[in-house]
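Asks: Going down the list, the sequences are from chains A and B. First residue of the first sequence: 8, per the numbering used here; consecutive thereafter. First residue of the second sequence: 8, per the numbering used here; consecutive thereafter.
Don't take every hint at face value.
For chains that are exact copies, the list does not tell them apart, and a pair is met inside one copy or across any two.
To be verified - Calculated lysine-lysine pairs in the DSS-like style (CA-CA distance at most 25 Å, straight line):
id, residue 1, residue 2
1, K14, K269
2, K90, K129
3, K325, K138
4, K82, K336
5, K293, K26
These are calculated hints, taken from the structure and not from any lab test. Quick caveat: nothing in here was measured; it's all calculated off a predicted structure.
There are 2 protein chains.
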Amino acid sequence: MRFEINKDKLLYHLLIAQKALSNKTPNPALQGIKIDVEDNHVIITTSNSDISIKILLEDGSLDIEETGSVLIPGKYFIEIIRKLDGQTVSLSHASDNMLKIEADHSDITLNMLELDDYPDLKFNEKKEFVKVNVRTLKTIIRQTAFATSTIENRPILTGVHFTIDGKDLSGVATDSYRLSQKTINLEESYDAMKVVIPGRSLEELMKILENNQDDVELHFDQNRVLFKYNNVLFLSRLLEGNYPETSKLIPQEFPVQIKFNKEQLITAIERASLLSSRDGQNAIVKLNVRQDDVIEISSNSPEIGRVLEEVYPVDEIKGSPLKIAFSSKYILEALRVFNSSEVTVKFTGEIRPFIITGEYDDDMLQLILPVKTD
Amino acid sequence: MRFEINKDKLLYHLLIAQKALSNKTPNPALQGIKIDVEDNHVIITTSNSDISIKILLEDGSLDIEETGSVLIPGKYFIEIIRKLDGQTVSLSHASDNMLKIEADHSDITLNMLELDDYPDLKFNEKKEFVKVNVRTLKTIIRQTAFATSTIENRPILTGVHFTIDGKDLSGVATDSYRLSQKTINLEESYDAMKVVIPGRSLEELMKILENNQDDVELHFDQNRVLFKYNNVLFLSRLLEGNYPETSKLIPQEFPVQIKFNKEQLITAIERASLLSSRDGQNAIVKLNVRQDDVIEISSNSPEIGRVLEEVYPVDEIKGSPLKIAFSSKYILEALRVFNSSEVTVKFTGEIRPFIITGEYDDDMLQLILPVKTD
């Protein structure tokens, strides 16, 4: 194996591949980046227990002298390429399973990993796949994945539940204290389908997706999903099991509705969270709709002090006075994913879940369970 | 106590005071910021076991209604002021030793600390003091303090040894593996003097000093030094004990001298450090002056691989071929404090300390002890 390539081009793709590289893995081969040099292109592959990435690298700067495959220790390889001087880097398989890296005045030899130990990964593309615009896919992930559970005792809740129904693609996530739901419209109609994709896989996928007009193809298999995005294949396992029925959790009647300026509400809740003896964002904050239609956001920590914020609603309040308490972390995370600058908080009752919607956030809702206080 | 002030002005000074605020202290009073409101100004005081800061706050936005003194929990107070909306903040001493903070639509009450528990700090200015331009003071600290020891078994080496001799002010720091030395010229002549100032105090002082043309006054006391910088008084303890005689450590004869482009030398050593099984910058790097006057920088780690860098000297090498090995951390830290873009490395022998100087770094030298390799 021997080829030359523009150093920045190689680094750009290595940093994508790095998303599926694990430093802690029982299988040392998975600390490696697999490089297959073929006649006209180079394939870069990485994998950990949850996701695998395969990149097809074709570039004008690519000069292939000899084909072949190698498995290179990922962490050291990326650090070396990042630090090299010069425009071009030359990689070649030297004797004794060593990789020779040459650039400018640098001559580096890196011990390689055993290629035979690398798993045989299948990045199978299907004939039938779902096509989504990359911006739309990013929106649905950004507005749902944060609400997945990080606790492993109900593994199914660590994923986002995607359902396809005709032209609708919905994502739902809940950790049982809050719920996020967003539906987007697809350009074509597809057969009905339900899968649960791990939240962490989606977070890594987000880092690869850019803000352009390209499409992403979703190829579904028995227990895996393959995202095809330009020259990158991103494979994630699916979560097995039945996702809970969430539609019943969402109240339908909202006797009290308040429209807020989103930034004002966020900063008031942030300040009310400051004086909490509980760590950081886990503060409990109270919301009180006063008779005079001013909203009080408050918190009280006998050892530290108390905060009282007055917030003026954007429109007249619908409904009657109400007192409710909630986790500041949950409401802040929910508010921050809205694109709308004004949001409507809709209450059913003082101990019932409440929801948040926004005029410019179509088919999206954030639901939060209140907490009981004295 | 009751006053109003521009919020940003208050925050700016609180962030200076924060440098002497400790979260971990056996004395809870030292977690507090002391505020003394007098007729025409406010005094902000903080202290930990090593340094104390006193700020005289006079500002057009200051509106004092009632004088008095309070001790406010520092961490919460700074976070609140940082997060407030509105231009102006009002602070007042409410009943039950509570501080009332009002701004815009926020009404915050913070439990205060017991003022009587606060130590009586003396920020005594002397009639005789040393005057140094702030940029010059920053230079001497930046070029020496990094070389102080961080290990407490020889406490005196955790400080920078400052000596005044007529118009010369020198700083020397060593952790016994490397040594930094810089001398600056003062505008006036002073009596001879020697003190050792803790490196950590100097690092905190650096964060307060700006890049302007102001002067800093150094007031020396028996076991303390007071830096006066505009409206800020910064008090540090001095280290007690005899600083070792360092001048004998510096070789005077340099049979081999090599002038390098500083950036080329830094990046070559950085790359040679990458493949080290020792953590990060503690890699051992070898330097080899070849017969053909090319310098080889190399490292070798049997488990990981090896790096060989060729560096071309700026001028003809003075002296004969030589091989030497050193800690990459020490040489990189030394190289990075030079202002010169070309540096001269001067060798006495393969197991003797070597020094680095730079044409545009007057009266500064960096010394490094080599390590033995096979």
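Asks: Now, for every hint given, state plainly whether the structure supports it.
Replies: These are the hints, each one checked on the structure:
In this assembly of identical chains, K14 and K269 lie within 25 Å of each other by CA distance solely across copies; the values are 23 Å between and 44 Å within a copy. For a Cα distance limit of 25 Å, the shortest separation of K90 from K129 qualifies neither inside one copy, at 33 Å, nor across copies, at 51 Å. When the C-alpha separation of K325 and K138 is checked against a cutoff of 25 Å, the pair qualifies neither within a copy, at 41 Å, nor between copies, at 68 Å. In this assembly of identical chains, the alpha carbons of K82 and K336 lie at most 25 Å apart only when taken from different copies (20 Å versus 34 Å within one copy).
Taking the closest pair of Cα atoms, K293 and K26 never come within 25 Å of each other, the shortest separation being 40 Å inside a single copy and 34 Å across copies.
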